[in-house]
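Asks: Protein chains in written order, with our numbering: chain A, 207 to 580; chain B, 207 to 580; chain C, 207 to 580; chain D, 207 to 580.
One or more of the hints may lead you astray.
Any copy will do: because identical chains look the same in the list, a pair fits if it lies in one copy or spans two.
[What the hints assert, rightly or not] Result set (EDC-like, lysine to aspartate or glutamate): computed pairs, CA atoms no more than 16 angstroms apart in a straight line:
(1) 434 to 519
(2) 342 to 306
(3) 425 to 519
(4) 425 to 276
(5) 425 to 228
(6) 434 to 572
(7) 425 to 266
(8) 425 to 522
(9) 494 to 278
I should point out that these hints are in silico values taken from the structure, not numbers from a laboratory. Here the structure is a predicted model, which is why all the values come from computation and not from measurement.
One-letter residues, chain by chain:
Protein chains: 4
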Amino acid sequence: MSAANSSNPAPETQNRESSSGDAVPVAVIGAGGFTGHELLTLMRAHPRLYPVHITSNAYEGRRLSDVFPDLDGADNGLTFSRHDAPLPDGVPVFLAVPNDTSLALVPDLLQAGHPVVDLSGSFRLHDGRAFEERYKLKHTPASAAAMSQAVFGMPEILRDSIRGAQFVSNPGCFPTGAVIPLAFLGAARQDLQSVVVDAKSGVSGAGGRTEDGGFVFHKVHENFRAYKILGHQHQPEIEEYAALGMPGTTGAIAMPSAEAPPTLPVVFTPHLLPLFRGILSTIVLIWKSTPPADLAERLRHRCESEPFIRFRDTPEAVELASVQNTNYLDLGLRTSGNTTVIVTAIDNLIKGAAGQAIQNLNLMLDFPETAGLL
Amino acid sequence: MSAANSSNPAPETQNRESSSGDAVPVAVIGAGGFTGHELLTLMRAHPRLYPVHITSNAYEGRRLSDVFPDLDGADNGLTFSRHDAPLPDGVPVFLAVPNDTSLALVPDLLQAGHPVVDLSGSFRLHDGRAFEERYKLKHTPASAAAMSQAVFGMPEILRDSIRGAQFVSNPGCFPTGAVIPLAFLGAARQDLQSVVVDAKSGVSGAGGRTEDGGFVFHKVHENFRAYKILGHQHQPEIEEYAALGMPGTTGAIAMPSAEAPPTLPVVFTPHLLPLFRGILSTIVLIWKSTPPADLAERLRHRCESEPFIRFRDTPEAVELASVQNTNYLDLGLRTSGNTTVIVTAIDNLIKGAAGQAIQNLNLMLDFPETAGLL
Amino acid sequence: MSAANSSNPAPETQNRESSSGDAVPVAVIGAGGFTGHELLTLMRAHPRLYPVHITSNAYEGRRLSDVFPDLDGADNGLTFSRHDAPLPDGVPVFLAVPNDTSLALVPDLLQAGHPVVDLSGSFRLHDGRAFEERYKLKHTPASAAAMSQAVFGMPEILRDSIRGAQFVSNPGCFPTGAVIPLAFLGAARQDLQSVVVDAKSGVSGAGGRTEDGGFVFHKVHENFRAYKILGHQHQPEIEEYAALGMPGTTGAIAMPSAEAPPTLPVVFTPHLLPLFRGILSTIVLIWKSTPPADLAERLRHRCESEPFIRFRDTPEAVELASVQNTNYLDLGLRTSGNTTVIVTAIDNLIKGAAGQAIQNLNLMLDFPETAGLL
Amino acid sequence: MSAANSSNPAPETQNRESSSGDAVPVAVIGAGGFTGHELLTLMRAHPRLYPVHITSNAYEGRRLSDVFPDLDGADNGLTFSRHDAPLPDGVPVFLAVPNDTSLALVPDLLQAGHPVVDLSGSFRLHDGRAFEERYKLKHTPASAAAMSQAVFGMPEILRDSIRGAQFVSNPGCFPTGAVIPLAFLGAARQDLQSVVVDAKSGVSGAGGRTEDGGFVFHKVHENFRAYKILGHQHQPEIEEYAALGMPGTTGAIAMPSAEAPPTLPVVFTPHLLPLFRGILSTIVLIWKSTPPADLAERLRHRCESEPFIRFRDTPEAVELASVQNTNYLDLGLRTSGNTTVIVTAIDNLIKGAAGQAIQNLNLMLDFPETAGLL
């Protein structure tokens with residue numbers, strides 16, 4: 207028996223020891239982009255999930271290993287279907303398609319009973335005006351109904367809601383790096399005067415947003431610039447979820463009501479780095495007076511209970527190289543006077559997308575949360 | 207006559223047309239580093255300046271073109287001396303040496319009558335405590351006396367003081383990208399609640415600071431990180447000079463008094479980019495209420511009178527690629543509500559160091575300010 | 207049970223299904239460098255091997271996850287010992303230390319009964335003069351005896367000799383990319399007039415060779431150069447092993463005799479690429495007349511039986527991106543007249559070092575050859 | 207008077223000292239690409255040439271400084287016309303347009319009396335079959351007549367023919383790095399058995415050839431590959447011009463006859479580097495027996511008389527960083543037995559295109575050959 211089979215179990219190998227349980231086939235709708243590729247790559251090492259159906263309108267009919275040579279040896283004969291091809295009954299679905307495609311597909315998938323993790327931005331914002339303004343899309347009655355079911359898939363703050371959910375909306379890459387540290391501040395958020403998030407992303411994070419263009423080598427290499435200043439679609443997402451449970455306790459946090467979602471105002475500026483993977487976020491907190499004396503200790507403690515958050519002794523120790531190709535978020539901070547600087551780093555394709563999606567599906571299917579991600 | 211001779215005039219070609227005037231020989235003390243190399247490169251195209259004396263303790267006795275093959279053909283037989291070698295009488299001096307070396311050398315150079323442009327950080331801070339804390343150095347009586355003579359070499363805000371000065375302290379690279387836009391705000395600075403400067407530098411800007419280390423290829427390439435968070439030596443420099451003339455008029459600005467230098471508090475975070483040249487600064491202004499309605503127009507107007515500042519229509523159009531290998535600072539901004547985001551870009555080795563130094567010497571010697579820099 | 211435990215089995219989880227067998231603890235001597243790090247990374251996904259003893263004189267006493275944050279969560283409490291710390295009885299040993307350290311350590315390890323895979327260059331060359339000239343080292347009687355036991359660890363040409371061997375000398379990274387395609391030519395090698403191997407490596411391949419220096423970011427980024435022209439230590443290694451079994455049949459190939467190793471002369475030029483991982487080798491074959499008409503077909507056929515060699519339809523389809531982070535060697539070729547150009551690509555740290563070492567240990571321990579590598 | 211005016215003379219400043227002479231206005235047809243941009247950049251520092259007419263069908267009607275912000279301050283109000291806009295009478299013309307556009311435009315330009323330097327590949331190959339096969343183009347009677355006038359613009363081997371020529375066909379970038387060292391071998395070329403040229407180019411060299419595609423950041427960064435193996439259009443160009451004057455003397459070399467152009471067979475493989483500027487060529491010479499004992503000395507001597515060729519003491523000292531942004535070709539070599547390895551490096555946009563074009567126009571207009579290029 208080869209290692210490939212043991213790590214990517216085909217149906218005939220379902221006689222596995224009881225401690226790990228049966229493997230579950232899943233569908234990846236939108237498997238031809240950076241995120242879809244990453245989902246397939248990560249599932250190769252997953253003990254309980256394996257792809258059984260993959261779609262890409264661009265690659266319809268082509269073999270997986272032909273499109274992605276690095277996945278050769280693990281394709282189990284998979285070929286790409288169109289996004290609208292019929293799905294195996296009841297399989298969990300990862301959606302890694304453009305926003306408008308998600309908006310159209312999700313209601314039917316939920317109706318048909320599929321567990322769904324949607325990686326688009328279509329089911330994150332409760333503020334309808336912000337959604338229309340930033341995404342240039344409007345909810346249909348069906349998608350609005352789906353939205354009311356959606357759980358924001360950030361286990362660090364909504365783990366209990368994700369467990370058992372049918373529909374999880376996976377966070378955006380920038381929000382992942384910003385919301386987690388802000389939410390971890392807990393009640394202290396009430397004492398913030400200003401929050402400035404300066405985020406820098408590799409092209410795999412920025413490049414999905416094709417409306418921005420400019421990804422030819424000579425426009426990125428040995429270059430650096432900001433984009434979508436004061437207008438990025440992730441800003442309201444950060445503002446909504448960073449405010450969850452505030453003013454609050456450390457107890458359970460629920461999804462916001464659609465009527466009056468809370469908000470923690472932030473100034474958010476994304477930038478494009480001349481590299482492929484990773485987002486580093488520099489988060490400046492200016493406090494009304496001074497921060498809690500035990501701020502660092504509290505954050506360290508909060509991080510310790512999380513399997514994918516690593517607290518670093520200094521903010522300078524947080525760097526992309528340590529998190530690339532992992533599902534970790536690294537976090538460090540320093541305070542001086544009324545200012546705290548928090549730095550976080552993630553791999554935008556993993557913790558910021560495909561890895562977090564698998565973490566969510568693990569919770570939805572009652573698998574160990576870390577399965578396939580360590 | 208070859209082009210080399212016409213752009214890098216040797217003494218025997220001093221019979222030039224009166225409109226350009228005689229060429230002046232200069233000394234570069236510390237010509238072996240990134241900045242020294244850049245000074246020599248820029249002077250090749252300068253109609254009035256040419257190097258006659260270059261020093262480097264590491265390269266003592268070696269030919270210029272042997273150490274820097276790209277400068278071959280223009281060395282006029284120059285070889286490196288030690289920093290303490292005797293200088294030709296009265297020649298203007300560029301100092302591109304470590305802070306402690308500048309501190310020791312400047313008093314004697316001034317005493318001997320040399321015009322001096324110092325590119326170290328030793329003569330910028332009037333706040334003695336900040337100087338000791340950030341630079342781990344103390345002024346001697348002689349260097350303190352030199353300090354009282356120093357003019358901060360930022361022509362955009364202190365042009366009149368630089369003209370005719372004997373001693374100019376050239377601004378730091380990060381302060382160049384931050385102070386200029388802040389000073390241009392004029393009286394509006396009084397209405398600022400918070401200023402956050404998030405700056406990103408290529409290795410040639412960060413690498414001079416050898417105390418930071420970590421510049422091996424595999425630690426920089428495909429990586430990104432912040433450094434010296436809330437402790438960089440350029441923060442007090444920004445705070446002091448960004449406050450010049452505030453609360454103020456648009457009239458002449460003088461050097462600050464040593465007793466009570468003004469200060470405009472900023473949160474400053476430098477980062478290391480995986481590229482060689484350039485600093486992009488993202489400057490978030492949070493206003494007490496709202497900014498002046500004509501803020502952008504005023505800044506555009508202010509920039510138009512400056513030969514090396516270019517106002518861009520959008521802040522997204524400001525990028526490193528447009529300023530690399532030039533003496534320009536590009537600037538763009540956007541306001542929403544009580545927030546303004548200004549983005550600036552410079553070539554840290556040119557506008558942030560060698561180019562600005564030449565711009566200063568041009569003013570000191572009553573040459574056209576742009577000579578050799580366009 | 208977590209995924210980490212299942213893929214990196216600790217002793218208490220030895221009750222596994224019979225098809226996979228017990229897990230084996232191994233030692234990594236020299237675990238602090240690029241190659242050691244890669245061995246530890248790969249073993250995390252290996253179903254049968256796990257590190258129990260790791261050494262690094264530089265990191266003595268430090269925790270694995272402290273030195274390599276990306277390996278956090280998988281260190282099982284491992285800390286670095288010194289190279290000469292006592293080993294657990296009989297454990298298989300990976301040696302990833304400098305050449306002279308391997309030369310000194312191997313004889314005792316063999317004597318003590320450890321299975322050994324040595325990743326240094328000390329036990330590859332049978333031509334003593336070439337060894338002394340290129341490595342500036344001389345064999346001792348003990349190391350010469352070890353040399354006589356050594357099997358060159360290239361499964362594609364010496365699989366049967368590796369099975370059951372106690373001592374495998376792992377091939378160099380450049381030889382891996384060159385020897386495999388040349389050996390696959392079989393009897394046709396007799397008809398070659400000239401072989402020119404032009405190889406380009408990322409810094410992780412070239413950087414181990416510290417005698418070469420020059421790996422500061424600004425000397426590598428946006429730069430390219432050749433090194434050790436007509437003098438690299440991998441040239442005689444290529445020449446010796448590319449000749450194995452020639453003039454020959456397709457049958458079993460044995461290790462060369464020390465007395466008169468065969469040789470296939472090649473011109474070998476290594477270059478340094480501004481990237482981290484991968485070696486692309488452009489191999490020009492000039493035939494005495496014309497190559498066998500079915501050359502491409504024969505090579506394709508030969509590759510198909512190999513689990514880690516992928517034959518590409520065109521040589522332009524061979525690129526570093528497809529092999530990075532894999533144990534594959536990709537190969538493509540084109541012939542015109544009396545010239546054939548073969549292009550191969552490998553990840554120098556995996557197929558060129560750590561991956562091939564694990565492939566060898568898999569064979570030595572009678573595990574599936576691909577275990578942990580797909 | 208500003209430095210800009212002095213280096214980029216407008217008509218009103220023609221009263222210059224007699225030693226430099228009047229400045230000449232030129233046209234750049236195809237000024238919107240990499241090469242056109244480089245021509246305009248170089249002319250800013252040229253004492254005798256300035257652009258008066260620039261064309262680009264894509265940028266028609268736009269200001270130069272709007273399209274290329276880095277050229278701001280030097281545009282003299284220039285705006286782009288279409289390629290077919292009427293030209294000022296008799297101005298010298300640089301053509302930096304696609305091959306088929308050059309083929310169509312050159313005959314009329316010559317007819318109208320313009321001195322022409324064509325940077326396309328349309329007028330280089332005398333072997334009509336190779337031209338049709340590699341360029342997918344056919345000469346018209348008019349272009350064939352132009353071809354008979356064309357002088358290959360490589361001053362190092364055809365300087366006397368270029369002086370006074372009306373029509374110069376500028377060499378390809380790869381041929382520049384390969385032909386010069388091969389031609390310099392002189393009579394020794396007769397003793398060569400094989401020549402293998404392995405060339406590696408930054409994207410600005412490879413990217414012009416849009417038929418190749420694949421220049422998105424993530425396909426180039428951290429990647430490397432060969433392209434157009436055994437089929438690149440520059441191979442016959444190298445073979446034709448590397449043979450000029452062979453078997454020969456060191457005397458004058460004339461353009462080849464169209465009937466039977468000589469040829470020196472080479473195996474040529476181009477590769478794409480993850481960087482912007484520069485071509486490094488590794489040229490392996492395999493001699494029938496051994497090379498002339500004084501080969502290195504002869505080459506050094508031959509290089510010394512050339513203003514833009516620098517002989518390096520070792521081939522490892524030849525690197526892209528030393529030649530980027532210069533018009534130099536650096537060259538080094540090493541011989542062992544019957545093998546010589548020559549390494550050359552150029553900036554493909556300068557010595558490989560725009561710089562060499564200006565060097566040619568300098569010769570055609572009887573300016574100093576190095577004007578504007580040092």
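Asks: The structure should be examined with respect to each hint, and the outcome stated for every one.
Replies: Results for each hint:
1. 434 to 519: between (33 angstroms within a copy, 14 angstroms between copies)
2. 342 to 306: Within one copy, since 9 angstroms is at most 16 angstroms while 43 angstroms is not.
3. 425 to 519: neither (36 angstroms within a copy, 19 angstroms between copies)
4. 425 to 276: between (27 angstroms within a copy, 14 angstroms between copies)
5. 425 to 228: Classified as neither; 48 angstroms inside a copy, 38 angstroms across copies.
6. 434 to 572: This pair counts as neither: shortest intra-copy Cα distance 39 angstroms, inter-copy 43 angstroms.
7. 425 to 266: neither (31 angstroms within a copy, 22 angstroms between copies)
8. 425 to 522: Result: close only across copies, 13 angstroms inter versus 28 angstroms intra.
9. 494 to 278: Result: close neither inside a copy nor across copies, 56 angstroms intra and 37 angstroms inter.
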